[in-house]
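*Asks:* The primary structure of each chain is shown beneath.
There are 4 protein chains.
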Amino acid sequence: MARKTINVGLVGTKFMGRAHSNAYVSAPKFFGLKADVVLKAVCGRDRDAAKAFAAQWGWERVETDWQALVARDDVDLVDISTPNNLHKPIAVAAAKAGKHVVCEKPLAMNATEAQEMVEAVEAAGVVNTVCHNYRRLPAVALAKQMIDAGELGELYHFRGVYLQDWIASKEFPLVWRLREELAGSGAHGDLNAHLIDLALWLVGPIAEVAGMMKTFVPERPMPDGTGTGKVTVDDAAAFLARFEGGAVGTFEATRFAVGRKNGQRFEINGSRGSIVFELERLNELGFYDNTDPAGRHGFRLIHATDPAHPYVGAYWPPGHNVGYEHSFINTVADVVNGIVDGTDVHPTFADGLATQTVLDTVERSAASGRWVAL
Amino acid sequence: MARKTINVGLVGTKFMGRAHSNAYVSAPKFFGLKADVVLKAVCGRDRDAAKAFAAQWGWERVETDWQALVARDDVDLVDISTPNNLHKPIAVAAAKAGKHVVCEKPLAMNATEAQEMVEAVEAAGVVNTVCHNYRRLPAVALAKQMIDAGELGELYHFRGVYLQDWIASKEFPLVWRLREELAGSGAHGDLNAHLIDLALWLVGPIAEVAGMMKTFVPERPMPDGTGTGKVTVDDAAAFLARFEGGAVGTFEATRFAVGRKNGQRFEINGSRGSIVFELERLNELGFYDNTDPAGRHGFRLIHATDPAHPYVGAYWPPGHNVGYEHSFINTVADVVNGIVDGTDVHPTFADGLATQTVLDTVERSAASGRWVAL
Amino acid sequence: MARKTINVGLVGTKFMGRAHSNAYVSAPKFFGLKADVVLKAVCGRDRDAAKAFAAQWGWERVETDWQALVARDDVDLVDISTPNNLHKPIAVAAAKAGKHVVCEKPLAMNATEAQEMVEAVEAAGVVNTVCHNYRRLPAVALAKQMIDAGELGELYHFRGVYLQDWIASKEFPLVWRLREELAGSGAHGDLNAHLIDLALWLVGPIAEVAGMMKTFVPERPMPDGTGTGKVTVDDAAAFLARFEGGAVGTFEATRFAVGRKNGQRFEINGSRGSIVFELERLNELGFYDNTDPAGRHGFRLIHATDPAHPYVGAYWPPGHNVGYEHSFINTVADVVNGIVDGTDVHPTFADGLATQTVLDTVERSAASGRWVAL
Amino acid sequence: MARKTINVGLVGTKFMGRAHSNAYVSAPKFFGLKADVVLKAVCGRDRDAAKAFAAQWGWERVETDWQALVARDDVDLVDISTPNNLHKPIAVAAAKAGKHVVCEKPLAMNATEAQEMVEAVEAAGVVNTVCHNYRRLPAVALAKQMIDAGELGELYHFRGVYLQDWIASKEFPLVWRLREELAGSGAHGDLNAHLIDLALWLVGPIAEVAGMMKTFVPERPMPDGTGTGKVTVDDAAAFLARFEGGAVGTFEATRFAVGRKNGQRFEINGSRGSIVFELERLNELGFYDNTDPAGRHGFRLIHATDPAHPYVGAYWPPGHNVGYEHSFINTVADVVNGIVDGTDVHPTFADGLATQTVLDTVERSAASGRWVAL
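Top line first, the protein sequences correspond to chains C, H, D and Y. Under this note's numbering, the residues of the first sequence are numbered 10 to 383, in order. Under this note's numbering, the residues of the second sequence are numbered 10 to 383, in order. Under this note's numbering, the residues of the third sequence are numbered 10 to 383, in order. Under this note's numbering, the residues of the fourth sequence are numbered 10 to 383, in order.
If you're looking for bench data, these hints aren't it; they were derived computationally from the structure. Hints should not be assumed to be uniformly reliable.
Note that identical chains are pooled: a pair holds if it fits in a single copy or bridges any two copies.
[What the hints assert, rightly or not] Straight line, CA to CA, 25 Å or less: simulated SDA-like cross-link-like pairs of lysine to any residue: (1) Lys153 <-> Thr14; (2) Lys270 <-> Asn299; (3) Lys105 <-> Val240; (4) Lys105 <-> Gly67; (5) Lys179 <-> Glu253; (6) Lys270 <-> Glu293; (7) Lys43 <-> Val381; (8) Lys239 <-> Thr14; (9) Lys23 <-> Lys38; (10) Lys38 <-> Leu48; (11) Lys223 <-> Val240.
It should be emphasised that the depicted structure is a prediction, and the values quoted were computed from it without experimental measurement.
Produce the entire structure from the sequences given, and follow the hints as far as they go.
*Replies:* Right, dumping it as structure tokens:
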């Protein structure tokens with residue numbers, strides 16, 4: 010059988026556009042993929058910038074209109090790395106055009122949009138994946154293996170924080186991420202989305218939540234210097250949760266934790282053991298094994314760079330770190346193989362909808378001052 | 010003027026009785042106190058056990074009835090290290106008898122009791138202190154100094170957890186701490202009480218809370234082997250909070266975090282900097298100084314064992330750790346000097362009432378499923 | 010002026026061949042380089058394996074004889090990623106053919122060879138670099154900036170260890186790295202070479218050394234199963250050093266530190282401050298600033314992922330880790346720009362000779378049981 | 010049989026005098042000792058200071074001449090907490106007077122003195138102990154148990170540093186510890202003595218050493234302001250060692266590691282596992298178990314505060330730290346019980362002599378520039 014080629018069309022040329030481009034370049038080199046990957050076309054609104062980006066990363070063609078990109082016959086997979094307000098229209102159009110879709114997180118502006126996206130991709134029967142890239146860091150994927158194997162036993166607690174500080178200065182301008190019409194929400198959709206995705210994946214469905222949202226700085230300078238504008242999203246968002254399986258959870262996201270740059274941390278406690286992960290030390294997984302002999306208990310620091318750990322075989326020998334970008338490279342590897350095999354590539358849009366539903370429910374809880382069931 | 014002597018009467022001979030006894034022995038040796046301290050009498054219900062305890066720690070007399078101890082003319086200060094249900098009756102009686110009072114935390118079974126205790130000590134005009142000992146670890150006292158000096162700027166976040174695992178096994182028996190009539194509450198009153206006290210002291214008053222309480226194991230073996238009994242307190246309790254000053258907070262206490270033994274950790278983020286403290290590394294305070302020069306930022310690990318740090322001058326040279334028990338020794342030092350000087354020794358019973366009020370309000374919130382204002 | 014193209018010829022397709030290939034692919038994408046990079050030809054002894062490697066990584070041509078690769082007119086830069094015994098012949102031939110040369114470390118089998126290599130590249134006037142890749146991790150490059158700026162003051166101590174454990178099992182076979190005729194030495198040339206390079210760069214020239222070498226397992230199974238063979242290199246090597254500038258140093262390399270996978274760690278103490286680096290947490294630099302105010306001293310953890318830090322601007326936002334491979338990507342970026350600019354790219358072969366001379370002197374010291382001056 | 014009383018006479022009222030006094034007070038309280046302990050007499054040259062010290066710590070009598078103290082009939086145990094030059098005369102006199110002897114480390118000014126001391130105590134048949142207190146930190150005592158139980162397997166490496174910075178400033182005065190006639194040596198005898206004691210205890214006898222000593226600041230202000238004086242000891246000392254059992258070791262002590270206050274750290278690597286200890290986190294022992302299953306390896310952080318750990322049962326529940334001073338309390342407990350039982354209390358003077366011999370041999374090696382066998 011002839012070896013397949015997957016032609017990729019990317020929308021977006023900023024932070025995520027770079028991270029995804031690098032992944033399409035690198036995944037075929039580190040992994041023995043089941044198909045070839047071609048960087049066929051990239052779309053950015055500014056043609057010159059898009060051309061420069063294409064030249065830098067090796068994209069063959071440039072579009073300035075995402076509809077044109079989606080319409081291209083020579084594109085098999087559409088990658089949506091745009092601001093959140095464009096996720097739905099692009100994804101729905103791509104699915105209707107029969108393209109596989111990879112979409113940045115959060116999946117949508119709200120659950121209604123997400124629902125529409127799920128229906129579109131399921132109707133089209135295309136591979137669909139939300140880019141919750143942290144699932145595919147070796148240490149996190151290892152945590153999943155351990156939980157599935159029962160190494161933590163019955164689960165009691167999920168405890169997650171995602172702490173950043175990039176807008177803590179009151180002088181920081183009103184960028185798109187601080188405007189509800191473009192971003193949907195603030196730290197909540199940006200950061201809690203990651204924690205929720207991990208919690209749903211690792212612990213299971215959430216039954217009810219009680220939330221709190223906070224905007225510390227309500228007005229900020231406009232990026233173009235034209236006075237100030239209103240911040241319409243949360244600076245911080247926290248919530249309590251009860252999982253269907255009996256565990257309880259705490260979640261917190263903020264952009265005002267001065268000193269924390271990419272401070273994602275989660276801990277899961279179960280009857281047989283506990284795990285703890287910190288994103289700024291992403292090669293490590295803390296593991297407490299409650300079955301260790303008396304007097305020899307302790308959190309052990311698993312350096313998840315061993316061939317026995319997920320994805321690591323594609324890279325370097327034990328003790329040699331991978332970085333942030335490898336989460337995307339691993340995602341692309343799974344997406345490419347999933348397309349060839351015709352299998353789901355988690356987290357699917359349905360998984361993204363579940364996360365979006367929790368996000369929305371937390372917002373409703375915060376607005377009502379009550380616990381709200383999902 | 011003649012040097013004063015303070016005669017201490019202690020009620021309780023278990024964990025806290027030992028910790029307090031050691032503090033009364035050691036404080037006069039490490040510190041140059043303003044009065045002499047005499048271990049006058051100790052009270053325990055089992056006379057033989059109390060006598061053995063007295064011999065071990067140097068208490069001159071033994072009582073088996075706390076009312077007898079409180080009635081002694083030769084006792085100036087009553088120290089209440091009993092289960093929680095006895096705090097109020099002993100404290101009120103001691104105050105009425107004109108004794109100074111040190112009481113273990115939480116101050117009472119509920120805010121109503123605490124209110125009564127405050128009124129008693131204030132009417133009597135005696136020194137009154139709740140033993141929230143962690144305030145007086147050098148690293149924590151340093152945090153207070155820094156916040157008061159404005160080194161963290163405007164405060165945005167308090168984030169506290171207190172994680173233990175000593176009842177995680179379902180075979181663990183139904184001890185007094187798991188019975189509401191003796192303990193008031195479970196992890197909540199035992200552990201969140203510490204976090205709340207620290208939060209009120211370091212960040213300020215709390216305006217409203219939303220809480221969640223959870224009992225994972227509802228039935229446990231009786232300690233005497235006579236079948237099983239119902240657990241009537243929480244195994245875990247978490248809550249969200251809004252502070253009056255604008256900061257937001259998350260709090261979590263549990264006895265089901267397998268692998269965490271005395272896992273208290275709190276972090277405070279402000280506009281000028283952040284601090285982080287972990288009880289299992291109690292000599293250290295993490296400090297992020299947002300005014301450090303570009304490219305030189307980072308959480309620094311202050312080893313709070315320098316003469317420049319609170320209480321440290323009484324002990325050892327830089328780099329030489331103190332332990333858990335020093336929090337009690339420092340407390341006794343401040344209590345003794347406070348009695349001589351006639352000054353308040355924080356946290357007073359009024360402070361303890363404030364903590365108790367937050368505890369109660371969280372319970373009401375958890376029961377009602379709503380945010381509740383204080 | 011026309012934009013320049015640099016055609017690369019790589020010798021070696023194993024661990025280092027992969028790391029270098031990735032760097033040639035990625036450097037032009039992350040950085041705005043001054044020339045284009047073409048992966049022109051790769052050389053491996055097994056033609057099929059080399060062809061597969063070339064297909065994977067994008068090398069245009071395959072050679073099986075390094076002399077053929079060096080002789081190619083269309084190669085501008087020869088990259089030597091072979092076992093150590095081939096470094097000298099390839100480098101000398103490449104220089105004579107007028108090619109720029111990048112050579113893996115250690116530069117040579119001994120200082121005599123290294124001297125010959127230096128003479129060859131200097132006679133040819135080609136750019137020449139030894140791949141001591143760790144110099145170009147952002148955290149290490151930051152350390153260099155800080156030392157050069159006087160932030161550590163007068164230097165007193167260098168303290169380096171490089172701990173691994175991959176041959177600690179007695180069943181591990183007699184691979185090429187354990188045979189003197191192919192590797193020159195064991196842990197010493199492999200691992201101490203890195204430490205020495207860093208020490209010479211960061212602290213300055215070494216005046217004299219006293220060394221010790223140890224082989225714990227003198228006989229091992231042959232890789233092909235044909236009985237056992239003699240280990241002819243060291244399993245561990247340690248030495249003391251006096252630097253010309255007055256500092257003193259300790260160095261240790263081993264492959265028998267069970268649990269340490271890539272455990273490089275170094276600390277430098279000076280009058281104004283200290284730095285500490287650990288390779289398994291390669292995004293971090295510990296920094297103690299002796300000019301911090303009293304009571305606020307502590308090692309701060311600089312997460313070297315800020316735009317203010319070297320090389321970081323090419324990658325991701327603050328808090329987003331880079332990995333091991335970025336040390337090579339950064340090296341390629343500097344080599345490419347250095348070739349265009351006609352400037353030295355440190356560490357040059359002369360620097361590699363200096364490291365080799367220390368390595369050799371330590372061996373002589375260990376053999377003689379005496380301090381030996383350089 | 011009547012319960013025994015041990016009357017203690019202490020010589021020295023400075024840092025060690027305080028630490029030992031506290032231990033004699035506290036040990037009988039925390040432990041159920043086999044004899045009563047009486048703080049009978051303390052000796053200090055300044056009578057007023059000694060009286061104040063005695064009042065503070067509870068010593069019954071004061072002497073200003075150590076010979077008078079040793080001569081007292083009512084003293085059973087002489088504790089020598091003086092500068093090093095007085096260790097020998099006091100110990101020999103005490104032994105001749107039939108007193109048990111506890112002596113601060115290093116045992117003597119040199120091995121010749123130490124030999125004389127060993128002979129004196131052995132001739133007298135008295136209990137004799139050098140106060141290498143770190144042996145009795147729970148985490149270190151646990152390490153010993155583990156090694157003795159074979160949990161580390163065959164030992165390959167000992168790697169110890171003891172880093173301080175208290176004299177790094179050139180303005181620091183010429184105190185007694187910087188004068189050879191009073192201290193014997195500098196960082197070497199003060200700090201390497203601890204490392205050597207631990208290495209001999211945990212790994213076994215040392216066969217040969219190669220050393221280096223360094224004085225960074227040769228002249229310092231006199232403490233009394235009368236000009237400057239010559240520093241006659243080392244500021245830093247490092248050495249390599251070969252153990253008789255086949256392991257190799259590195260040792261380093263310095264008072265110039267800016268930022269390190271009490272930075273003792275040692276690591277031992279064996280075929281079955283490794284341990285690592287850091288004095289500034291003295292409740293923790295790192296342990297790598299090489300028999301853990303594939304993919305689950307990692308250094309685990311044993312918080313040595315469990316009843317399963319040595320000495321811990323005398324103190325607090327799991328997770329509650331002990332401090333520096335507990336090493337002395339545990340020592341006193343063992344000494345008292347040893348006296349009653351008539352058993353050796355390690356490290357004996359013979360063990361101290363072994364350490365002293367290594368210290369001396371390192372000095373000879375440093376002077377000669379050669380490896381020297383013991």
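*Asks:* None of the hints should be skipped; say for each whether it holds.
*Replies:* Consistency of the hints with the structure:
{"no.": "1", "hint": "Lys153 <-> Thr14", "result": "neither (31 Å within a copy, 46 Å between copies)"}
{"no.": "2", "hint": "Lys270 <-> Asn299", "result": "between (32 Å within a copy, 12 Å between copies)"}
{"no.": "3", "hint": "Lys105 <-> Val240", "result": "neither (35 Å within a copy, 56 Å between copies)"}
{"no.": "4", "hint": "Lys105 <-> Gly67", "result": "neither (27 Å within a copy, 35 Å between copies)"}
{"no.": "5", "hint": "Lys179 <-> Glu253", "result": "between (40 Å within a copy, 21 Å between copies)"}
{"no.": "6", "hint": "Lys270 <-> Glu293", "result": "both (18 Å within a copy, 13 Å between copies)"}
{"no.": "7", "hint": "Lys43 <-> Val381", "result": "neither (45 Å within a copy, 57 Å between copies)"}
{"no.": "8", "hint": "Lys239 <-> Thr14", "result": "neither (47 Å within a copy, 50 Å between copies)"}
{"no.": "9", "hint": "Lys23 <-> Lys38", "result": "both (23 Å within a copy, 14 Å between copies)"}
{"no.": "10", "hint": "Lys38 <-> Leu48", "result": "both (14 Å within a copy, 14 Å between copies)"}
{"no.": "11", "hint": "Lys223 <-> Val240", "result": "within (11 Å within a copy, 36 Å between copies)"}
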